[in-house]
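Novice: Here are the chains, one letter per residue:
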Amino acid sequence: MKSAGLIMLAAAVALLASPAVAQNKPAGKDTKLYFIWPHDRTTLRSPFTCRFGLRNMGVTHAGDDYPNSGHHHLLIDVSEPLNPNEPIPSDKTHLHFGAGQTETQLDLAPGKHTLQLVLGDAKHYPFNPPVVSEKITIRVR
Amino acid sequence: MGEIRDFKSGRSQPDNPQPPGNSIPRRLAAIVAGDIAGYSRLMQLDEEGTHTRVKRTVRDLIEPTIGEHHGKLVKTTGDGFIAMFDSPVEAVRCSIVIQQNMIGRNAAIARDHWIEYRIGVNLGDVIIEPDDIYGDGVNVASRLEGIAAPGDVFISGGIYEQIKHKMVCGYESLGDKKVKNITDPVRVYRVLPDAAAYQRTRRRRESILLTLLGLAITIIAGGVLWYLLAQPRSKPADVAQAPPSPAASPAVPQPAPSPAPAPGQAASLVPSAAPTQQASPQAAPSASPAVSMPQPEMVSLQGGSFSMGSNDDPSERPIRKVTVKPFAMGKYPVSVREWNACAAAKACGFTASGKDDAPVTNASWSDAKQYVTWLAEQTKKAYRLPSEAEWEYAARGGTQSKYWWGDQVQPGHAGCKDCGGDAAAEQPVKVGSFKPNPFGLYDMGGGVDQWVEDCWHRNYQGAPADGAVWSGGDCASHVIRSGSWKNDARYVRPANRDNYDTNVRYPTHGFRVALSP
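Line order of the protein sequences matches chains A and B.
Residue 72 in the numbering used here sits at position 72 of the first sequence, with consecutive numbering throughout.
So the mapping is simple: the numbering used here equals the position in the second sequence, first residue as 1, plus 141.
For reference, chain A alone in the conformation it holds in the complex (with noise of 0.2 Å):
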C-alpha cells in the first residue's frame, strides 16, 4: 500500500525527530484518510469539489480538544515532507479547513498536481503517528 509506505515513512521521520514527538496526539486505530473525491489519476476540469473522507477519528474545529479528533489540511504540490514537531503550515499551498469543512472547491491551473491530506490537532499538529492520505496525483484539463 502506498499509503502505508507514505505512514511509515512519516512515522521514521517522527521516530528521528528529537523529543518534542511526545506532545503530538495519538491517533486513533485503523484511521483512514482518503480522498472520496477526485480519485488518484483522475483528469477533470477546474474548478471541482474535492471531499474528504476519514474513517475511525471524527472532523471537528481547530481549537477543540476533543479525543481521537481533527481537522483537515489538503496539501498541494507539497513535496518537502511533513515535520511533525511544527504546526502544519499555513499558506497557499497548505490549505486549512479548522472550521471542520470536510469538503473544498479548488480551481487549479492546468497540468498536473498532487493533493494529499493531513489531519492536524486541536492546535494544528499531525497526530501521532500521522494521519495522512495517499498522496494522489489529478491532471486539471
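Please keep in mind that the hints were generated in silico from the structure rather than gathered at the bench.
Any given hint might turn out to be false.
What the hints assert, rightly or not - Examples of chain B residues toward chain A, derived with CB under 10 Å:
id, residue
1, S505
2, A565
3, E567
4, S618
5, I621
6, S625
7, R631
8, Y632
9, T643
10, N644
11, R646
12, Y647
13, P648
14, T649
As the list claims (entries may be wrong) - With a straight-line cut-off of 27 Å between C-alpha atoms, the simulated DSS-like cross-links for lysine-lysine are:
id, chain 1, residue 1, chain 2, residue 2
15, B, K571, A, K92
16, B, K487, A, K123
17, B, K462, A, K92
18, B, K571, A, K123
19, A, K92, B, K543
20, B, K496, A, K123
What the hints assert, rightly or not - Counterexamples of contact, computed for chain A against chain B with all Cβ distances above 12 Å:
id, residue
21, D30
22, I36
23, D40
Ideal Cβ positions, reconstructed from N, Cα and C, are used throughout, including at glycine.
Mind docking chain B on chain A? Use the hints.
Specialist: Below, chain B without anything else, positioned relative to chain A:
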C-alpha cells in the same frame, strides 16, 4: 383569484390573430403565478384604496421587476399576475425580489391593510397565445401559489432541480403534494430567501420603493448610528461591518441586510466628522494620561492613490487604482504586552504567552476584532482593523516595486523563511526588529500574518476603489496579509493576500490596528 384559476377553461379568443393552421407555438418556460391573499377582504375594507394600491404595486414593482429579470408579464388580473421566464433562476429571483419588496411596502401600514402576495413557480411546457399562456405548467404554478402562505414563494421540483446549485438560498422541502385537478402529485419546495440575494436586489433597485422599505427602521438605525458616532467614534464602523460577536455560525456569507448605510459609507462618515488637518500631527496616544494602558503606537498616513494588486498571483488581479483616505496605522503589529492588557481586562479571549515585545500570535480574526473593539471603548478613539486596501497602501509605503525596498530579496528588511530569519523559531522576533518602510511602519510583510477587516474574495473582480472595506464575500474566512516568519519571500510582498477561517486560531496569525482620524 378566480380569474387566474379559470384562464384555461375560461376565455376562448375568437379574435385571435394567430393563424390556426400552423401548429400551436409551444415552449418550455418558467411560469410565475402570483396573487394577493385576502383580496376580497381588502376590497371590502377599502375598495378604492386597495384598488389604487394594487395598481401602484403592479406598476412600480411587479412590472419593472419582471422586466429586470428578463421575464414577460403575461397578464394581470384584479388580484394577481402571471409571468413567464426563460430562466428558472431569474423566475425565482424575481419572485423573491417581489416578496422582499412587499415586506418593505407593508412595513409602514396597518396589519389588516397589508397586501401580501402568494407566489408559485413551475417549469412547464406551455402554449403561447399573444396575450395569455395555457397548459398544465401554468395550472401547476397557480396551484402552487394557491397552497403558498402569504409572503411565500413555492416552487416545484422541476424548478428546484434547475436552481438548487445556482442560487444561494434555503429550500424547505414540503414533500409531494396533491393539487387540485392535477393527476400526479407535485413535489413542492418553499424558498427561504437569504440575505445575500436580498442585498443584490437592493443594489439593483435603488428606487423610492426601497426607501419606503426601511423608512421606519432606517430612522431607528440612523438614531443608533448617530448615538454611536457621538460616543466612541470607531463603533459605527465596527457595528456596520460585521457581527461583533465571534459567533461560530459562518453559514450565512453576509451580515444581515440592515438598512443602515454600507460599511464603506459608515467609515467615510468618520473622516468628515473631523477636519483632515488633525490627521497630520503624529498621533501620540502615549501622551494621553487618562488611560494607563499600553496603546499601540500609531503613524498618521496622508492617504492617496496607488496601484493595488499585482500579476504575481491570480488572487491579486486585476491591478487597479485605489484611493485611500487619511488614516493612522499601527507602527508595529499588536504586541503581547498590548494584547495582555485586554486579556487582563477579560475583554480578550486568551492570555498570550511569549515575550512582551513580540507580536501577539495565535489570534483569530474574531479575537482581533475583540481587541480593537475593547481598545476603542477604553480610549474613546476610532480604533479598528485596517481595510485590505489600507493595509496594502501602508505596506507599499509609496512604492510600486515587488517589495517595498525593491525587486530583490534583501536581508534585514523583513522576517521570513528565506530572508535571513529563523523559521524554526516557535515565536516571531520582537516587533520592530527589521527596517521600517518609507512610511515609518515596521513589519509590513513578514513577522506575523495580519488580519484585516475584509471578508475573503478570491480576486479583485468588483472590488471597491475607495479604500473602504469590501463588504460581502466569503465571511467564513477573512483576509490575512503580510506573510509570517514561517513563510518564504513570496508572502512578504505587499500585494500578497491569503485567507483563513474567521474563528480559527493559528500560531502565525496576529494583526495591527488602524485608527480613523
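Novice: All hints are to be evaluated individually against the structure, with a verdict given for each.
Specialist: Each hint, compared with the structure:
Among the interface hints, the one on S505 of chain B holds; its C-beta lies about 8 Å from the nearest C-beta in chain A, closer than the 10 Å criterion. Residue-level restraint check for A565 of chain B holds (minimum Cβ-Cβ distance to chain A is 8 Å; threshold 10 Å). Interface restraint check: E567 of chain B against chain A, minimum CB-CB distance 9 Å, threshold 10 Å, status holds. The beta carbon of S618 of chain B comes within 8 Å of a beta carbon in chain A, closer than 10 Å, and the hint placing it at the interface holds.
For I621 of chain B, the interface hint holds, the least distance from its beta-carbon to any beta-carbon of chain A being 9 Å, beneath 10 Å. Look at S625 of chain B: its Cβ gets to within about 8 Å of chain A, closer than 10 Å, so that hint holds up. A least Cβ separation of about 9 Å between R631 of chain B and chain A falls short of the 10 Å threshold, and the interface hint therefore holds. A hinted interface residue such as Y632 of chain B counts as satisfied when its beta carbon comes closer than 10 Å to some beta carbon of chain A; here the least separation is about 7 Å, so the hint holds.
For T643 of chain B, the shortest C-beta to C-beta distance to chain A is roughly 8 Å, which falls under 10 Å, so the interface hint holds. With a least beta-carbon distance of about 7 Å to chain A, the hint placing N644 of chain B at the interface is held under the 10 Å criterion. Look at R646 of chain B: its Cβ gets to within about 6 Å of chain A, closer than 10 Å, so that hint holds up. Restraint check, Y647 of chain B versus chain A: the minimum CB separation of about 6 Å is within 10 Å; hint holds.
Against a cut-off of 10 Å between C-beta atoms, the interface hint on P648 of chain B holds, since the closest Cβ of chain A lies about 5 Å away. Hint status for T649 of chain B relative to chain A: holds, with the closest Cβ pair at about 6 Å, below 10 Å. Taking the CA atoms of K571 of chain B and K92 of chain A, the gap is about 26 Å. The hint holds against a cut of 27 Å. Restraint check: the Cα-Cα separation between K487 of chain B and K123 of chain A comes to about 23 Å, which is no more than 27 Å; the hinted pair holds.
With a C-alpha separation of about 25 Å, the suggested pairing of K462 of chain B with K92 of chain A holds against the 27 Å cut-off. A hinted pair counts as satisfied when its Cα atoms are at most 27 Å apart, and K571 of chain B with K123 of chain A qualifies at roughly 22 Å. Using a Cα cut-off of 27 Å, the hinted pair K92 of chain A and K543 of chain B holds, with the two alpha carbons roughly 18 Å apart. Our distance criterion of 27 Å between C-alpha atoms is met by K496 of chain B and K123 of chain A, whose separation comes to about 20 Å.
With a cut of 12 Å on Cβ distances, D30 of chain A stays outside the contact zone with chain B, its closest approach being about 28 Å. A cut-off of 12 Å between C-beta atoms confirms that I36 of chain A is not in contact with chain B; the least separation is 18 Å. Consistency note on D40 of chain A: stated as away from chain B, and its beta-carbon is indeed over 12 Å from all of that chain's, at 26 Å minimum.
Checked against the numbered hints above, the structure violates none of them.
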